[in-house]
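Each chain is listed here by its residues.
Number of protein chains: 2
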Amino acid sequence: MRYELYYWPGIQGRGEFIRLALEEAGAEYIDVAHQPEHHGMGMPAMMALLENSDLACPPFAPPFLKAGDQVIGQTANILLFLGSRHGLAPQEEAARLWVHQLQLTIADLVSEVHDTHHPIAASLYYEEQKDEALRRAADFTGMRLPRFLGYFEAVLERNPHGDRWLAGDALTYADLSMFQVIAGLRYAFPRTMKRFTSDYPRLAALHDRVAARKHIKAYLASKRREPFNNDGIFRHYKELDAG
Amino acid sequence: MRYELYYWPGIQGRGEFIRLALEEAGAEYIDVAHQPEHHGMGMPAMMALLENSDLACPPFAPPFLKAGDQVIGQTANILLFLGSRHGLAPQEEAARLWVHQLQLTIADLVSEVHDTHHPIAASLYYEEQKDEALRRAADFTGMRLPRFLGYFEAVLERNPHGDRWLAGDALTYADLSMFQVIAGLRYAFPRTMKRFTSDYPRLAALHDRVAARKHIKAYLASKRREPFNNDGIFRHYKELDAG
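Chains as they are written, first to last, in UniProt numbering: chain A, 1 to 243; chain B, 1 to 243.
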């Protein structure tokens, strides 16, 4: 089956967590909003699906994944689906829930990253909420981020199967997402992340381990990988990066 | 098996979504932080578990649920676990994912409610971020909330099994959470919610349908149900409720 991924073009955003899972799995997929409109794709196709009032299970927002007749929304939920289908999560229930728990904690971190530059309203420009962003980003880099990173480093350290992967003895979708978060944090907050490798050696090694995977390496070098930019979740505004 | 629920005492918070599921299921559980310290419970027991560095699968934050040896964190993940065990979610995969997708969208709404009074930092008092809260709450009540409520109303309207429940033809944990959100919004934003029943008749009926369930009705009338208050997620600050 060929999946259809629907997500805003021009940014990595939350769609990137899905792309990494699809790429690692070697799954066949179309990134619909990136395809030409004259082939019935592009943004019009995404908006048509979002606004289709016949859809019994409508997504609230992108990303969403079409798998046959099924339309699945919410990033962590899509990964739950793909994880069980493509060997990116363990089959056993307790282990599967643990991976999902890690993913939901990563999702919380991602939301907090977003709110560093948009603490007031997603509908306003950064420049319209810059004063508030300065305050929120200072709390994020000073308090929240060390708490999240310390947590994930401890998860690796305590993994009974060793510190290669967050959960169990094999790569899961949570590892792929953790890679993406680390890459994004380094782009957005280079000063804050200066001592990342020495402070969180296991996370830094995990990042490199994921980046070196055959499929991921090929993906990152391809044109399918959008570069980070200041329209996405991970944005580099020097003034928000206290360091 | 007797579950142990760990959550901050004195507020409903995210723990309440778990309590409602446990109560509806008639499951046996202990609300650990509410129990006396001299029985080895209370806050010290919760903090001991949170800080236990032997725990291979540590939760990032409350709520978490102990089920035998398993410690499960993240509200939506705990509901995923309880849902399949207590008939609060369908067994079939696509339907199960749809319920979870709804729950994750409810979780997004709950986070946005929290950030109306804490747009800058959870570690600061409301009074220290009141100016920012006024701006964020105006965006929330004016733009975001109608979008969320309109979405969930449409989900009920489009349910092929009728508009009694969000998903399928039976109550799920997402219905219980939706009830809690509506009750909370009415507490926090009474002016904004003034026309809720006429604008969102299906959601209003869902709220009443859940409140009338035998177990839920008994729970709401019991001392186990904490009242809403201004320490929780749903807080009533008149100035944030533009109406």
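Treat each hint with caution, since some may be false.
Said to hold, decoys possible - Under the rule of at most 30 Å between Cα atoms (straight-line distance), these lysine-lysine pairs were calculated in the DSBU-like manner:
id : chain 1 : residue 1 : chain 2 : residue 2
1  : A       : Lys130    : B       : Lys238
2  : B       : Lys238    : B       : Lys214
3  : A       : Lys130    : B       : Lys130
What the hints contain is simulated information worked out from the structure, not anything from laboratory work.
Comparing the hints with the structure gives:
| no. | hint | result |
| --- | --- | --- |
| 1 | A:Lys130 - B:Lys238 | holds, 26 Å |
| 2 | B:Lys238 - B:Lys214 | violated, 34 Å |
| 3 | A:Lys130 - B:Lys130 | holds, 16 Å |
The structure fails to meet hint 2 from the earlier list, while all remaining hints are met.
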